[in-house]
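So the sequences go chain by chain: A and B.
Counting from 1, one number per residue, gives the positions in the first sequence under this note's numbering.
Counting from 1, one number per residue, gives the positions in the second sequence under this note's numbering.
I should point out that these hints are in silico values taken from the structure, not numbers from a laboratory.
You can take every hint at face value.
No distinction is drawn between identical chains; accordingly, a pair holds when it is met within one copy or between any pair of copies.
Straight-line Cα separation of at most 27 Å, BS3-like style, residue types lysine-lysine; simulated pairs: (1) Lys226 / Lys278; (2) Lys23 / Lys298; (3) Lys319 / Lys261; (4) Lys137 / Lys181; (5) Lys319 / Lys258; (6) Lys226 / Lys258.
Number of protein chains: 2
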Amino acid sequence: MIPTIEWQGQHVRMVDQRKLPSKVEWYICRGYKDVINAIEKMVIRGAPAIGVAAAMGLALGARSIRAKTVPDFTARFKEIGEEMFHARPTAVNLRWAIERMIGLVEKMSDHPADAIKTSLRQESEKILAEDIQINRKMGMNGQGLIPEGATILTHCNAGSLATGGYGTALGVIRAAHERGKKIQVIADETRPWLQGLRLTAFELMEDGIPVSVIADNAAGSLMRQKRIDLVITGADRIAANGDVANKIGTYQVAVLAKTHKIPFYVAAPLSTIDPTVKNGDLIPVEQRGPEEICRFGKLQVGPPGVMALNPAFDITPCKYVSAIITEKGVIKPPFRTGIKNQLGDSYSP
Amino acid sequence: MIPTIEWQGQHVRMVDQRKLPSKVEWYICRGYKDVINAIEKMVIRGAPAIGVAAAMGLALGARSIRAKTVPDFTARFKEIGEEMFHARPTAVNLRWAIERMIGLVEKMSDHPADAIKTSLRQESEKILAEDIQINRKMGMNGQGLIPEGATILTHCNAGSLATGGYGTALGVIRAAHERGKKIQVIADETRPWLQGLRLTAFELMEDGIPVSVIADNAAGSLMRQKRIDLVITGADRIAANGDVANKIGTYQVAVLAKTHKIPFYVAAPLSTIDPTVKNGDLIPVEQRGPEEICRFGKLQVGPPGVMALNPAFDITPCKYVSAIITEKGVIKPPFRTGIKNQLGDSYSP
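Sequences are here, hints too, so could you generate the full structure?
Pasting the structure below:
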């Protein structure tokens with residue numbers, strides 16, 4: 001599998017996900033502004049991957065700070081963190097990674113700036129390595145929910161490319177496959193960016209897991225025909241009550257799953273849970289430009305000047321979620337208690 | 001508005017709907033095989049438009065028959081009808097038009113073949129003119145269901161381009177607009193063919209009716225935010241019990257509408273009702289090729305060799321339908337009775 005993001009000498013490189021699977025092109029980040037641009041323009045996407053990118057971006061940013069004192073360094077570092085924070089609003093892993101990096105700088109306030117810079121880079125590497133480990137644990141915890149022979153619907157890409165590696169929803173699917181369960185996947189193509197068609201299908205085909213793509217429009221009809229046994233998606237942010245912000249279209253898949261009595265699972269690391277938001281309707285939902293719908297690459301498909309509404313995410317109320325799979329285990333409703341227990345000390349609403 | 005289909009001298013021409021709105025190109029049919037090809041390849045689509053095309057195609061086909069006797073002519077004409085019937089399986093208007101044309105030939109069995117040929121062409125023109133009148137009546141009947149200021153979701157294109165002119169679902173919307181109701185439309189882009197983005201938005205913009213396109217994935221989320229007041233779609237076939245076959249994605253929009261307590265209306269001429277099928281699950285649903293999902297024009301978007309499921313239609317059980325609007329009035333549940341009453345003598349299950 002292509003690495004999503006990695007250090008290469010003094011630079012960070014990420015595979016340009018806008019061009020996959022037809023081209024494998026590397027996007028090189030020489031400074032933190034390159035990383036912000038990559039997140040905004042969707043070179044890299046997926047909540048955990050954005051967290052890793054932010055951490056690496058801050059390590060790049062730290063290197064360029066020419067401050068005379070450590071307090072000056074810290075102040076400037078926090079400014080860079082603030083800039084990074086605004087790259088995309090919905091995925092909370094971005095904030096989580098920035099806070100972790102700032103926490104490290106604060107802890108090292110009696111060290112010289114150069115030592116802090118070195119530690120920041122190491123910390124970003126640790127976040128990447130941990131993310132992969134977390135995904136593997138999530139896979140182990142979640143695979144028990146997948147019956148032998150199941151047909152699984154997934155939406156968007158919550159795979160290796162959305163994370164440091166292995167994936168959240170696709171991590172659970174991979175773990176079931178590794179246990180020898182004969183499963184197959186139906187991938188929503190996931191308009192407007194087609195992450196399902198371009199990324200999820202690509203990842204699963206590389207792993208030899210049977211996958212068929214559908215237009216997002218066909219999910220309900222397949223459920224009605226009893227051709228889908230369960231749904232798994234990732235998440236961009238989970239509120240304290242278990243409401244889930246995820247790729248636009250997730251909400252309607254969850255409603256359809258409930259209508260058809262099909263379980264709807266969400267796989268996400270604890271870093272995706274935001275105990276500071278009480279419910280999903282307090283999560284900011286990014287609105288993106290109409291051109292993502294009306295154009296295909298450079299080709300104008302819709303009538304010139306047509307208006308479009310393009311929310312990038314939606315909110316799935318917790319009543320539609322059957323379980324949340326994290327690295328610490330499977331949380332069943334009521335989610336508020338389970339989330340509190342798993343977060344432990346880091347639960348601070 | 002561009003005419004969907006018309007006679008031009010000895011030929012039939014139709015606007016190539018695969019190329020709209022970026023290009024207005026005419027597809028010229030010199031014989032019935034050109035019409036079959038146009039229907040199969042989606043040069044023309046939409047149940048009523050397919051009916052008109054079939055009628056004109058049969059008139060073209062009749063002209064080329066070199067039979068010595070009227071019975072020979074009739075036999076060959078029926079063969080052509082049989083060929084035409086297989087162009088696309090779901091929309092029943094195709095069969096309806098073929099049966100009407102064959103009925104005319106049978107009625108004229110004591111006339112010379114040339115007279116029959118002339119009458120067939122006239123009949124096809126009559127079917128076109130009637131279709132437009134039927135749509136206007138449907139508009140009048142249905143517009144009362146649209147409140148002042150409503151935001152209306154529509155799926156696919158059930159407009160002028162899907163019919164002889166004016167449209168079924170869009171006809172109702174047009175009629176409400178003509179009455180001065182300040183309405184706006186949200187158009188599902190409607191993957192994989194993007195009829196909503198390419199055709200519905202185009203038609204409504206030409207008429208000055210406010211329209212915004214969305215990815216099909218956003219419909220549920222907008223309903224949850226109470227930003228949609230009602231849904232109207234067309235139909236490709238309606239069973240005797242009111243179950244509706246329509247463009248893939250219609251079913252899930254209907255389920256979402258019910259979940260959010262939003263009315264879901266279907267506008268269709270009586271020629272779309274098929275009293276010979278008891279319920280929707282007996283309607284054949286066309287499966288189209290994976291390339292419609294995995295490619296964009298000539299561009300490979302998905303991974304090479306990826307599998308796709310591509311049902312072109314789905315079935316919406318009548319329990320999700322609030323009313324069916326026809327040229328004879330508005331049918332409310334229970335649909336079986338209302339359909340029987342409206343069809344009258346032509347009801348023959």
